[in-house]
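Trainee: Chain residues, written in single-letter form:
There are 2 protein chains.
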Amino acid sequence: MTFAQTPEPPYYAVIFTSQRTDGGNGYAATAERMVELAQRQPGFLGAESVRAGGFGITVSYRAGEADITAWKRHAEHRIAQETDKSTWYADYAVRVCKIERDYGTAFRRPQPHPENQNLENP
Amino acid sequence: MTFAQTPEPPYYAVIFTSQRTDGGNGYAATAERMVELAQRQPGFLGAESVRAGGFGITVSYRAGEADITAWKRHAEHRIAQETDKSTWYADYAVRVCKIERDYGTAFRRPQPHPENQNLENP
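Chains as they are written, first to last, in my numbering: chain A, 391 to 512; chain B, 391 to 512.
Mixed in with the good hints, there may be bad ones.
Okay, derived cross-link-like pairs now, BS3-like style, lysine-lysine, Cα gap no bigger than 27 Å in a straight line [stated by the list, open to error]:
| id | chain 1 | residue 1 | chain 2 | residue 2 |
| --- | --- | --- | --- | --- |
| 1 | B | 488 | B | 462 |
| 2 | A | 488 | A | 462 |
| 3 | B | 488 | A | 462 |
| 4 | A | 488 | B | 488 |
Short derived list, chain B residues pointing at chain A, Cβ under 10 Å [unchecked claim]:
| id | residue |
| --- | --- |
| 5 | 447 |
| 6 | 449 |
| 7 | 477 |
| 8 | 483 |
These are computed hints drawn from the structure, not numbers from a lab.
Keep in mind the model is a prediction, meaning the values are calculated, not measured.
We treat Cβ as the ideally placed atom computed from N, Cα and C, and that holds for glycine.
So that you can see chain A by itself, here it is in the shape it has in the complex (with noise of 0.2 Å):
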């Protein structure tokens, strides 16, 4: 896994923490085909995962509120939420909350400091 390069804030992020069950029950294909989905929605723009011993976080981020409510209703998506409720996690938690600042070695963005300012006017 590896950072998700987001844009300066405001934006959003979804907070997916989960405790699997034991066994597949067709999660690897599905949560695959999910990601793959998620990429193509308009206002994605990234997301990170980390699973171990059976917890996980899984954080992705999109341009803005509507976005979120738009995936939540994509039809195929909305299967594998009624799937996962029953087989997958033996516990979840969703916290939907906007992104107010960051920072950090890891964004490759240009960062707001004074010596950057002029970098495409010199």
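Once you've looked at the hints, dock chain B against the given chain A.
Mentor: Relative to the frame of chain A, chain B by itself:
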């Protein structure tokens, strides 16, 4: 790791995504100390954390934005912040966000549902 039992939104979160460097470099002891300190700060609501293959996501929840700022300025935490940049993390990203809504089976608090409304005053 387990789920954070956060209250009804709104509340705040810091999403910390990181790629560790090779080698311990005193990371485990300091990380443990930081968790201890963080839990004692005002407004701390819980945290969720997963790391696999060096890539990790930690989400810590706080009641207000001021609680996040206060923790960032905490003296001992500042020392850890200055250390981690050079020796612990090959790259990292910090995102501060406001949780606007949440749902899922992991929440043990009463859910806002008509049937639950009169439980305390039956």
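Trainee: Determine for every hint whether it applies to the structure shown.
Mentor: Evaluation of the provided hints:
Under the criterion of a C-alpha separation no larger than 27 Å, the hint pairing residue 488 of chain B with residue 462 of chain B is consistent with the structure, at around 17 Å. Taken as a hint, the residue 488 of chain A and residue 462 of chain A pair is honoured in the structure, with Cα atoms around 17 Å apart against an allowance of 27 Å. At roughly 20 Å between alpha-carbon atoms, residue 488 of chain B and residue 462 of chain A fall within 27 Å of each other, so this suggested pair holds. Distance hint between residue 488 of chain A and residue 488 of chain B is fulfilled; the C-alpha atoms sit about 5 Å from each other, no more than 27 Å.
Evaluation of the residue 447 of chain B hint against chain A yields a held restraint, the C-beta minimum of about 4 Å falling below 10 Å. This hint holds: residue 449 of chain B has a C-beta 6 Å from the nearest C-beta of chain A, less than the 10 Å allowed. Because the closest C-beta pair between residue 477 of chain B and chain A is about 13 Å apart, greater than 10 Å, the hint is violated. The interface hint given for residue 483 of chain B is met, as the beta carbon of that residue sits about 4 Å from the closest beta carbon of chain A, less than 10 Å.
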